[in-house]
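When we follow UniProt numbering, the leftmost residue of the sequence shown carries the number 1, and every step to the right adds one.
Possibly wrong hints are sitting among the right ones.
The calculated label-pair distances, taken between Cβ atoms and stated as ranges, are [claimed, not checked]:
{"id": "1", "residue 1": "T44", "residue 2": "A99", "range": "20 to 28 Å"}
{"id": "2", "residue 1": "A21", "residue 2": "G100", "range": "34 to 42 Å"}
{"id": "3", "residue 1": "A76", "residue 2": "P103", "range": "40 to 48 Å"}
{"id": "4", "residue 1": "R38", "residue 2": "L98", "range": "23 to 31 Å"}
{"id": "5", "residue 1": "K30", "residue 2": "R89", "range": "21 to 29 Å"}
{"id": "6", "residue 1": "D72", "residue 2": "T44", "range": "28 to 36 Å"}
Lysine-lysine pairs mimicking DSS-like chemistry, simulated, CA-CA at most 30 Å apart [to be verified]:
{"id": "7", "residue 1": "K23", "residue 2": "K80"}
{"id": "8", "residue 1": "K10", "residue 2": "K30"}
{"id": "9", "residue 1": "K80", "residue 2": "K30"}
{"id": "10", "residue 1": "K23", "residue 2": "K34"}
{"id": "11", "residue 1": "K10", "residue 2": "K34"}
{"id": "12", "residue 1": "K10", "residue 2": "K23"}
{"id": "13", "residue 1": "K34", "residue 2": "K80"}
{"id": "14", "residue 1": "K10", "residue 2": "K80"}
Calculated directly from the structure, the hints in this document are not laboratory data. Remember, predicted model here, so these are calculated numbers, not experimental data. Quick reminder that beta carbons are idealized off the backbone N, C-alpha and C, glycines included.
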Amino acid sequence: MTVFLIADVKVTDDAWIPEYASKVHDIVAKHGGKYLSRSGNIDTIEGEGLDTTLIALIQFPSREALDAFANDPEYAPFGKARQAGSVSRFHVIDDTDLAGAIPYLPAAG
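Using the sequences and the accompanying hints, generate a full structural model.
This is the structure we're talking about:
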């Protein structure tokens with residue numbers, strides 16, 4: 001089942017960004033992941049805006065693939081650098097429809 005990692009990041013020290021941005025994409029791809037967006041163009045159209053610098057949306061073929069990425073020793077130093085230089089919230093969602101009414105999405109179980 002496809003899953004999506006939503007990374008909501010508020011950068012507090014941007015020293016980690018150049019190396020992270022140039023290297024982590026390859027680690028994501030190694031685990032079957034694909035960036036769908038990595039953008040700082042964030043507009044809130046409803047509710048209170050987040051104090052966020054960037055949001056990344058990454059698709060993985062399965063939860064196991066996402067977990068393999070997150071636990072990859074090659075990723076560990078980049079994750080630590082990001083954590084030290086940001087406030088990050090990572091969320092995982094799958095590709096299901098909770099209400100089960102959208103015909104092209106699997107119903108949530």
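So, going through the hints one by one against the coordinates:
1. Look at T44 against A99: about 25 Å separates their beta carbons, and that is inside 20 to 28 Å.
2. A21 and G100 have their C-beta atoms about 38 Å apart, which keeps the hinted 34 to 42 Å range intact.
3. Between A76 and P103 the CB atoms are about 41 Å apart, so this pair conforms to the stated range of 40 to 48 Å.
4. A hinted range of 23 to 31 Å for the beta carbons of R38 and L98 is consistent with their spacing of about 27 Å.
5. Between K30 and R89 the Cβ separation comes to about 24 Å, which falls inside the hinted range of 21 to 29 Å.
6. For the pair D72 and T44, the supplied restraint of 28 to 36 Å holds, since their beta-carbon distance comes to about 33 Å.
7. Distance check on the hinted pair: K23 and K80 sit about 14 Å apart at the alpha-carbon level, within 30 Å; holds.
8. As the CA atoms of K10 and K30 are separated by approximately 26 Å, the hinted pair is consistent with the 30 Å bound.
9. Taking the CA atoms of K80 and K30, the gap is about 19 Å. The hint holds against a cut of 30 Å.
10. Proximity of K23 to K34 is assessed by CA-CA distance (about 14 Å); at most 30 Å being required, the pair is judged to hold.
11. Taking the CA atoms of K10 and K34, the gap is about 22 Å. The hint holds against a cut of 30 Å.
12. For the hint linking K10 to K23, the alpha-carbon distance of about 20 Å falls within 30 Å, and the restraint holds.
13. Between K34 and K80 the alpha-carbon distance is near 21 Å, which keeps this suggested pair within the 30 Å criterion.
14. Note on K10 and K80: the hinted pairing holds, with a Cα-Cα distance of about 15 Å set against a maximum of 30 Å.
In this structure, every one of the numbered hints holds.
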